[in-house]
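Colleague: Sequence:
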Amino acid sequence: MKTSAALTSIEGIVMRVHSSGGRGRLLAVSVLAFMTGLTVAKAAEPALPDYIKSQGVLRVGVKCDYPPSGFLDAQGKFAGIEVEMAKRIAEIAFGSPDKADLQCVTSEARIPALNGKKVDVIIATLGIYPARQKVIDFTIPYAWGASGVVQLKGGKAKSLADFNGKTISVIKGASQAAWLEKNMPQVQTLRLNTVAEALQAVRQGRADGYTGDTSVLFSILSANDDLEILPEQEVFDVSYIGAGIRKNEPEWKAYLDAQITKLRDEKFYSKAVPEVVSDPMVRKEVIKFYETDPPKK
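Quick note: the sequence shown, position 245, residue 245 per the UniProt record's numbering, numbers continuous.
In case anyone wonders, no lab produced these hints; they're calculated from the structure. Hints should not be assumed to be uniformly reliable.
Straight-line distance between alpha carbons at most 25 Å, and here's what the computed DSS-like set of lysine-lysine pairs gives [claimed, not checked]: (1) Lys-262 to Lys-247; (2) Lys-87 to Lys-267; (3) Lys-118 to Lys-53; (4) Lys-117 to Lys-99; (5) Lys-153 to Lys-166; (6) Lys-118 to Lys-134; (7) Lys-247 to Lys-134; (8) Lys-53 to Lys-247; (9) Lys-77 to Lys-118; (10) Lys-247 to Lys-172; (11) Lys-262 to Lys-53.
This structure is a prediction, so every number in the text was calculated from the model and none was measured.
Please put together the full structure from these sequences, using the hints given.
Modeller: Here you go:
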């Protein structure tokens with residue numbers, strides 16, 4: 001319903017109620033205030049940009065090897081929390097979750113895929129960092145993240161400092177590589193393409209540990225009983241996570257910001273996380289990254 005038509009309809013209702021006397025006049029004022037508020041709120045909701053609407057689909061870059069955020073399931077289908085986010089936003093924008101045109105991106109290739117216009121938004125564990133803000137824009141945060149380290153059970157490391165002079169495997173293009181390079185230059189980084197390769201390096205003795213997002217590390221632990229994580233106080237590189245978009249697309253940012261707010265308001269993550277995380281303890285840890293504020297360090 002257009003704003004002008006809606007207000008005309010409201011005025012008609014108010015006039016009829018107003019004619020019924022004092023109590024009716026009070027009710028009329030209440031109806032007018034309520035309905036006008038709804039109409040203005042509806043009118044103020046950011047519109048889907050025409051260049052996105054004309055495509056008929058939402059082109060989204062997601063991780064395909066990073067459970068529980070984004071991965072391919074046993075049937076080769078897209079799965080994960082961020083995959084479900086993309087589908088929900090596509091449903092809001094186009095009326096169906098099937099309108100999400102999902103494309104696999106790696107940590108290293110996700111920003112080039114965006115700026116190369118292969119996708120229109122990245123929802124792929126993308127930390128909001130100044131270096132990235134120079135080349136792309138971000139939505140408001142939808143989660144926060146921190147980094148941790150896993151090692152083989154019974155490993156010698158009790159703290160992050162114990163890895164000085166050691167080797168840690170990390171995914172190419174991940175924020176952990178840059179953090180270690182800047183803050184712990186004594187640590188050697190073995191940069192690999194996938195989580196599977198990084199964990200294999202630990203098992204083969206080519207790396208003493210693997211570093212990644214703690215939300216992902218908890219999922220790794222639930223499926224790999226030969227690994228252990230450093231204590232919680234040893235987390236590092238705490239940051240916010242947002243969806244990435246190209247520079248100078250303010251209408252697109254406004255639209256996505258509104259949908260991200262809507263997802264949090266409707267407790268979307270409390271429903272989405274259990275779909276991909278079966279372990280109750282891991283599920284609790286993962287949900288907190290979406291529904292609570294990060295720790296102050």
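Colleague: Take the C-alpha atoms of Lys-118 and Lys-53, compute the straight-line distance between them, and say whether it is at most 25 Å.
Modeller: 16 Å, holds
Colleague: Between the alpha carbons of Lys-247 and Lys-134, is the straight-line distance 25 Å or under?
Modeller: 9 Å, holds
Colleague: Checking one constraint from the list: CA of Lys-53 to CA of Lys-247, max 25 Å. Satisfied?
Modeller: 19 Å, holds
Colleague: Does the alpha-carbon distance linking Lys-247 and Lys-172 stay inside the 25 Å limit?
Modeller: 23 Å, holds
Colleague: Has the given pair, Lys-262 with Lys-247, been kept, meaning a C-alpha gap of at most 25 Å?
Modeller: Holds. Lys-262 to Lys-247 sits at ~23 Å (cutoff 25 Å).
Colleague: Does Lys-77 pair with Lys-118 here, judged by a C-alpha cut-off of 25 Å?
Modeller: Between Lys-77 and Lys-118 the Cα gap is close to 20 Å, so the pair holds against 25 Å.
Colleague: Quick one, are Lys-118 and Lys-134 close enough, alpha carbons at most 25 Å?
Modeller: Holds. Lys-118 to Lys-134 sits at ~20 Å (cutoff 25 Å).
Colleague: Taken at face value, is the distance from the CA of Lys-53 to the CA of Lys-262 at most 25 Å?
Modeller: Answer holds: Lys-262 to Lys-53 is near 19 Å, not above 25 Å.
Colleague: If you draw a straight line from the CA of Lys-87 to the CA of Lys-267, is it 25 Å or shorter?
Modeller: 15 Å, holds
Colleague: Below or equal to 25 Å on CA atoms is what counts here, so check Lys-153 against Lys-166.
Modeller: At roughly 17 Å apart (the allowed maximum being 25 Å), Lys-166 and Lys-153 satisfy the hint.
Colleague: Lys-117 and Lys-99 were given as a pair; does the straight-line alpha-carbon distance stay at or below 25 Å?
Modeller: OK: Lys-117 and Lys-99 at ~18 Å, within 25 Å.
In this structure, every one of the numbered hints holds.
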